[in-house]
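Residue numbers (our numbering), protein chains in the order written: chain A, 1 to 253; chain B, 1 to 253.
Hints were generated in silico from the structure; no laboratory data involved. Heads up, a few of these hints could be off.
Intra- or inter-copy, both count: the list cannot distinguish identical chains.
To be verified - With a cut-off of at most 20 Å between alpha-carbon atoms, the simulated SDA-like pairs for lysine to any residue come out as follows: (1) 198 to 52; (2) 198 to 175; (3) 198 to 228.
Being a predicted model, the structure only gives us computed values, none of them experimental.
Protein chains: 2
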Amino acid sequence: MAESIRIYTAALIVIGDEILSGRTHDANIAQVASWLGVQGIRLSEVRVVADDTVAIVEAVNTLRARNDYLFTTGGIGPTHDDITVDAVAEALGVDVIVHPEARAILSEYYEPRGGLTEARLRMARVPDGAELIPNRYTGAPGIRVGNIYLMAGVPQITAGMLDALSGTLEGGQPLLSETVGCWVAESEVADLLRETEKAHASCQIGSYPFWRDGRTGANFVIRSTDARDLADCVHDLMEGLEGIGKPAVPGGI
Amino acid sequence: MAESIRIYTAALIVIGDEILSGRTHDANIAQVASWLGVQGIRLSEVRVVADDTVAIVEAVNTLRARNDYLFTTGGIGPTHDDITVDAVAEALGVDVIVHPEARAILSEYYEPRGGLTEARLRMARVPDGAELIPNRYTGAPGIRVGNIYLMAGVPQITAGMLDALSGTLEGGQPLLSETVGCWVAESEVADLLRETEKAHASCQIGSYPFWRDGRTGANFVIRSTDARDLADCVHDLMEGLEGIGKPAVPGGI
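Please model the entire structure based on the sequences and the hints provided.
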């Protein structure tokens, strides 16, 4: 039965020198990943690239071809370092046009804010053939073109755009997950983890060790699209941990 | 003069389903990026890939070839989902061996902790030809092989490994940066930013807008390897902002 499930995948390109310099901690990877999970779409890979046309074009063309969806964050603002629209148009081999609806939205938004300057009009530019994604915070819309979704870099604005897209993308069965924590060194339970995973064909078990207050522990995340097999796997893992005298903590530590 | 400066670059591969599921917020990108900056090495690109051999091999072979250094984080622990060592060995076309020194370190570390089991011995496995990177927290070492540095996934342990590597990698001139903040919509100063950047050949200006307490602001980050040109560029930008009645905030907002 597992074989008949269609898996939908997405990739994400985080565009911006500020992430690569270490100045800004990215918050969009986790946000987009969680949102995709709810839509039944699996985030398969992420690339962080510089504000550099060649790098963006390469990433766009590689990732859009091998995923159902491609998301980008960053580089759609009004300044000289905002080159995402031009780079995506170049990757697709289409022109950049001014989108009439985007121009109207920006014109209205900026009317009480000093008017629509040439710099602000940059935010109405889209690859030819694109549709807009509403931005409820600052006017400037996100952009969909083919299977590519261009989102803002500011996480709060991205959140609003994702919200606007909720339920509009075709996805598969959501990947379900359960977490089991344990105060144990993962090296003590490596065999148990491998064997439990093997006994539940639809499940994957990830082991995430931590080291807190001088104590060693780990969280085990069990993922599956099959709710029953997931529950059975969690049950077996917890029983296995009890069996070696290491009580499991449902929900994780 | 700028033309004669050798730029050293590194790439980073973050390995782990937990980042792609959105469960764990990555902390290693910013940490590795900042550390590289201090070594005079520029982080040129990052990829986040799943615990999947094919994906890791592809990323390793692409990125090691076009960067001076390649770092990976994650997947070097004792459990079945830790496949980084095997994938990197496959990418390099070398065998996986048990490193005698790593075995000795683990043997000593686990002696009072239940002994060196088969699972724990997995952490002594390295691609043939590798050297060890000390781990002052939990015994299991990081691994250097060629220009590839395999680090832990747990950020605290990665930090210790980076510390152990400090000053050992050949780098270039550190990229210097200054930040100037301003309560202004970046769309109002797009021309100023572009022209100021153009007037200072060694400098790049990044514009990072934010939206806080209902107010619009931006931080402008000026980067250069030339301290004098950087200072001049910061001066000109601040003067330009004052000139339009928008006081600059040195150091950023």
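Each hint, compared with the structure:
When the C-alpha separation of residue 198 and residue 52 is checked against a cutoff of 20 Å, the pair qualifies only between copies, where the shortest distance is 17 Å, while the shortest distance within a copy is 44 Å. For a Cα distance limit of 20 Å, the shortest separation of residue 198 from residue 175 inside one copy, 18 Å, qualifies, whereas the shortest one across copies, 49 Å, does not. For a Cα distance limit of 20 Å, the shortest separation of residue 198 from residue 228 inside one copy, 16 Å, qualifies, whereas the shortest one across copies, 61 Å, does not.
Of the numbered hints stated above, none is contradicted by the structure.
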